[in-house]
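Undergrad: Numbering-wise (my numbering), the sequence shown opens with residue 11 and increments by one.
Keep in mind the hints are simulated off the structure, nothing from the lab.
It is possible that some hints are incorrect.
What the hints assert, rightly or not - Quick list of the computed label-pair ranges, beta carbon to beta carbon:
#1 Asn149 with Thr70: 21 to 27 Å
#2 Leu49 with Ala148: 18 to 24 Å
#3 Ala163 with Arg26: 35 to 41 Å
#4 Glu89 with Asp113: 21 to 27 Å
#5 Asp143 with Glu89: 24 to 30 Å
#6 Arg21 with Asn149: 30 to 36 Å
#7 Arg40 with His14: 22 to 28 Å
#8 Pro55 with Ala168: 20 to 26 Å
#9 Glu109 with Val46: 32 to 38 Å
#10 Glu109 with Thr37: 30 to 36 Å
#11 Leu49 with Ser76: 34 to 40 Å
For each residue, glycine too, the CB sits at the ideal point set by N, CA and C.
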Amino acid sequence: MGRHDRLDVHRTPGRRNSLWHWPDAKTPWRIMYTYVFVLVARIAPSLRVKNWALRRIGVTVERGVSWGLEATPDVFWPELITLREDAIVGYDATILCHEFLQDEYRTGAVVVGERAMVGAGAVVLPGVEIGADARVAANSLVADDVPAGVTVAGVPAAEE
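When you get a sec, could you build the whole thing from the sequences and use the hints?
TA: Written out as structure tokens, the structure reads:
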């Protein structure tokens, strides 16, 4: 099963693109609340504070997770992110659990496996599962699952 099989599709009415419909799914107040904790997770120097902030917005954060400076969790659906034990999300990486398209938006859980590493500046798309001990190279675009123990790199990320 690939990431597309795990995405939930939400059709949107009318001519405007789906981004205009986000308030139908989340209240503006909830997004503002979430964004405050996203900022804390991005800039706090302490890993304990970062993990605390991520948990406040619904991210599943297991023991030993390291969240890099300026790394960004999904601001709309952070509750769809799971970070397994000792996972690393590097500097300025982004984990997305949504994608807004013209006539629909899609949401999907992202799992970063135990001891997996997401490199600096990488972008992980919704529905992706990164296996245990897998490695995503810096500045990669992860559009497909990464099997356990495998290293991927590039745009789109592929096995080295």
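Undergrad: The structure should be examined with respect to each hint, and the outcome stated for every one.
TA: Taking the hints in turn, this is what the structure says about them:
no. : hint                          : verdict
1   : Asn149 with Thr70: 21 to 27 Å : 26 Å, holds
2   : Leu49 with Ala148: 18 to 24 Å : 23 Å, holds
3   : Ala163 with Arg26: 35 to 41 Å : 37 Å, holds
4   : Glu89 with Asp113: 21 to 27 Å : 25 Å, holds
5   : Asp143 with Glu89: 24 to 30 Å : 25 Å, holds
6   : Arg21 with Asn149: 30 to 36 Å : 33 Å, holds
7   : Arg40 with His14: 22 to 28 Å  : 27 Å, holds
8   : Pro55 with Ala168: 20 to 26 Å : 34 Å, violated
9   : Glu109 with Val46: 32 to 38 Å : 24 Å, violated
10  : Glu109 with Thr37: 30 to 36 Å : 21 Å, violated
11  : Leu49 with Ser76: 34 to 40 Å  : 18 Å, violated
The structure is inconsistent with the numbered hints 8, 9, 10, 11, although it conforms to all the rest.
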